[in-house]
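**Q** Here is how the chains run, residue by residue.
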Amino acid sequence: MTQAYVETPRSEGASAQGIPAPEGAGAPNYTVTPKRAPDGTLQGDLLEVSMGPQHPSTHGVFRMDVVLDGERVMKLKPVFGYLHRNHEKIGENTTYLGSMPYTDRLDYFCSLTNNWAYALTVEKLAGLQPPERAEYIRVITAELTRLQNHVSLVGFLLQDMGAMGTPLMYAFRERERILDLFESLTGARMMCNYMRFGGCRCDLPPGWLEQAQQAVNEFPRFLDEFEALLSGNEILLARTQGVGVLPRELAVNASITGPMLRASGVNYDIRKVDQYGIYDRFKFRVPLGDHGDVYDRYMIRILEMRESVGILQAALRDIPAGPIVDPKAKLRGFRPKPGEVYGRIESPKGELGFYIISNGSPNPYRYRVRPPSFINLTILEDICLGHHVADVVIILGSVDIVMGEVDR
Amino acid sequence: MSAPLLGQGIFKGLAETARNFFGSYVKKDRLITVQYPEERLPQTEAARSFPVLVYDGDDWQKGLRCVACLICEKECPPQCIYIVKDTVRKPDAAGKLQFQPRVFDIDISVCMSCQICVEVCPFDAIKMDVQYELSTGDRFGTLLLRKQQLAKPNQYYHQIHPTEAAEVDAHLSADKAKAKAAPTPKPA
Chain X
1 MTQAYVETPR SEGASAQGIP APEGAGAPNY TVTPKRAPDG TLQGDLLEVS
51 MGPQHPSTHG VFRMDVVLDG ERVMKLKPVF GYLHRNHEKI GENTTYLGSM
101 PYTDRLDYFC SLTNNWAYAL TVEKLAGLQP PERAEYIRVI TAELTRLQNH
151 VSLVGFLLQD MGAMGTPLMY AFRERERILD LFESLTGARM MCNYMRFGGC
201 RCDLPPGWLE QAQQAVNEFP RFLDEFEALL SGNEILLART QGVGVLPREL
251 AVNASITGPM LRASGVNYDI RKVDQYGIYD RFKFRVPLGD HGDVYDRYMI
301 RILEMRESVG ILQAALRDIP AGPIVDPKAK LRGFRPKPGE VYGRIESPKG
351 ELGFYIISNG SPNPYRYRVR PPSFINLTIL EDICLGHHVA DVVIILGSVD
401 IVMGEVDR
Chain H
409 MSAPLLGQGI FKGLAETARN FFGSYVKKDR LITVQYPEER LPQTEAARSF
459 PVLVYDGDDW QKGLRCVACL ICEKECPPQC IYIVKDTVRK PDAAGKLQFQ
509 PRVFDIDISV CMSCQICVEV CPFDAIKMDV QYELSTGDRF GTLLLRKQQL
559 AKPNQYYHQI HPTEAAEVDA HLSADKAKAK AAPTPKPA
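Going down the list, the sequences are from chains X and H.
Heads up, the first sequence is in the numbering used here, so the first residue is 1 and it goes up one at a time.
Heads up, the second sequence is in the numbering used here, so the first residue is 409 and it goes up one at a time.
For reference, chain X alone in the conformation it holds in the complex (with noise of 0.2 Å):
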């Protein structure tokens, strides 16, 4: 049953011990359906379970309902829709602008590459050119968003596999130093509704600059910190290695995206493929995965923040002054020609994308999102078929969703 685990980076030592994976771990899928009376009740010792939707450990309102064969999942049905508020058909009543606080609503950890997303969908749709200054301000605070979403999930990974506390601690003492960038920018620790049509809404406020470049010089300390306090430990290994394989060929058939992908394998982002704002500009690697397990998705997020802090030093470096809003840009009466449109952008969890078909009336005919994290749970009974109960906390922690934008 051992297997190797030997080219995800930083874990040759664990490796090397040969630490065994959990068992049933890597065994094929059940294909067991449960056994049932005609009158549809459960029969022998199977046991069917509702996860949910007040679980602690499943981020927010989000129900599974196992079968359960002893601790050992038989088949796992996803419940969602308990935070559904009719985010799509709002935006389809408001104007353009009033849209975009809403889409900080969607994943409320990361609401400026929500901002950003949509913003680059309706420029696409109206043709506006954000001036230089607000494509970099985009790729700071986009970064910075990628850094605390990181952050808050490596923290709550952890929590979810019993580390109570401890790291959930040390990652919100950093996210909250870049909440407090956010909130000196923007006005709003969260809810940030920062980026306008053709740029941004205010300019950086004096010392903004000194502050990031501060936060994200401390940042590699952080992350050296995380890494001693758990990338090498033992329960950590034993608990992730070999648990949630998600293989490629079904991530790609699922349409998985984001970090969950390149966990897999997958050299997919959207920042290198579509190269959309200024990425062009920045160098930085892809962080990729060998097995696709929940070690991988916790590494390629460590990994992933490594990188982030090299694009924030080259933006905050680069950064230029001018104006922050394409003078063509209008605030009120805001009206787009007819046409239709889809633009996307990696965020944090994936690729989030934005679809739009125009009227030329002041609101949009057709609003659709495309959110990375609901896309992401597609998977889930697939990678939890034949772990036990206490995996699938993890393995559902490990796939990032905000129900925020699931439900929408």
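Honestly, I wouldn't trust all of these hints.
As the list claims (entries may be wrong) - Partner residues are not named here, just some residues of chain H that face chain X (Cβ under 10 Å, in silico):
no. : residue
1   : T452
2   : V528
3   : T571
Said to hold, decoys possible - Some chain H residues flagged as far from chain X (calculated, every beta-carbon gap over 10 Å):
no. : residue
4   : K420
5   : G421
6   : R448
7   : C484
8   : K493
9   : V496
10  : C522
11  : D546
12  : T550
13  : A574
14  : D583
15  : K584
16  : A587
17  : A589
To be verified - Below 35 Å or equal to it, Euclidean Cα-Cα: the simulated DSBU-like pairs (lysine-lysine) are:
no. : chain 1 : residue 1 : chain 2 : residue 2
18  : X       : K330      : H       : K420
19  : X       : K337      : H       : K482
20  : H       : K498      : H       : K560
21  : H       : K586      : H       : K482
22  : X       : K330      : H       : K493
23  : H       : K504      : X       : K337
24  : H       : K504      : H       : K588
It is worth saying that the hints were derived from the structure and are not from the lab.
Note that the Cβ used here is the ideal one computed from N, Cα and C, for glycine as well.
Dock chain H against chain X, hints included.
**A** The following block gives chain H in isolation, referenced to the frame of chain X:
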């Protein structure tokens, strides 16, 4: 790479925790907690909570900058603003005849603090407050702010957003000077 001792990673992690624990007694950057009700962090200038109406002069009814143009009511995404325009023009703080809102309500239980009303207002009449301790026991009455509760003097605006208020005052007086230099013909 030779196999490390089993459990070495755990001890390494515990050493990191210990460094943070003991470090918190001597180093300020390891102890970052703020004991909230007793200590408070200073607010940034960009901070925002809920909208207020700015008035010039001393009389809150006369001096309101709002001319009830209804733009904010239309643009407000959650539609929490309710305005009824007055039927007669009244002199404002500068003595100019203007329409004024007869009713101006903001339901702050609906407001999502997005600041779009502030951005779209062409008269610099509505601005964001920075008050944040607003919890009440009453679910309806105290969360529906009327015109009188919303009206705040320009001095208050200067106090909460000094840089922004100075810019607004500068461009308002520039507009006024321009209007004086070239008076627009009065509509017949």
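**Q** Looking at H/T550 again, its CB stays over 10 Å from all of chain X?
**A** holds, 23 Å
**Q** Does the claim that H/A589 lies outside the interface with chain X hold up, using a Cβ gap greater than 10 Å?
**A** holds, 26 Å
**Q** So is H/G421 really clear of chain X, every C-beta pair being over 10 Å apart?
**A** Incorrect as stated: the minimum Cβ-Cβ distance to chain X is 4 Å, not above 10 Å.
**Q** Compare the distance between the alpha carbons of H/K586 and H/K482 with 35 Å, and conclude whether the hinted pair is satisfied.
**A** The given pair, whose Cα atoms are some 30 Å apart, holds under the 35 Å limit.
**Q** Run the C-beta distances from H/C484 to all of chain X and say if the shortest one exceeds 10 Å.
**A** violated, 8 Å
**Q** May I ask you to check that H/K584 keeps its beta-carbon over 10 Å from the closest beta-carbon of chain X?
**A** The claim holds: H/K584 sits with its nearest Cβ about 22 Å from chain X, beyond 10 Å.
**Q** Quick check for students: does the CB of H/R448 sit more than 10 Å from each CB in chain X?
**A** Since the minimum Cβ distance to chain X is about 14 Å, H/R448 lies beyond 10 Å and the statement holds.
**Q** Just to be careful: measuring from the Cβ of H/T452 to every Cβ in chain X, is the smallest value less than 10 Å?
**A** Hint holds; H/T452 Cβ to chain X Cβ min 4 Å, cut 10 Å.
**Q** Holds or violated: the hint that H/T571 contacts chain X, with Cβ atoms closer than 10 Å.
**A** holds, 8 Å
**Q** Does H/K504 pair with H/K588 here, judged by a C-alpha cut-off of 35 Å?
**A** Distance ~13 Å between H/K504 and H/K588 Cα, so the pair holds.
**Q** If you draw a straight line from the CA of X/K330 to the CA of H/K420, is it 35 Å or shorter?
**A** violated, 56 Å
**Q** May I ask you to check that H/V496 keeps its beta-carbon over 10 Å from the closest beta-carbon of chain X?
**A** holds, 27 Å
When each numbered hint is compared with the structure, violations occur for hints 4, 5, 7, 10, 18, 23.
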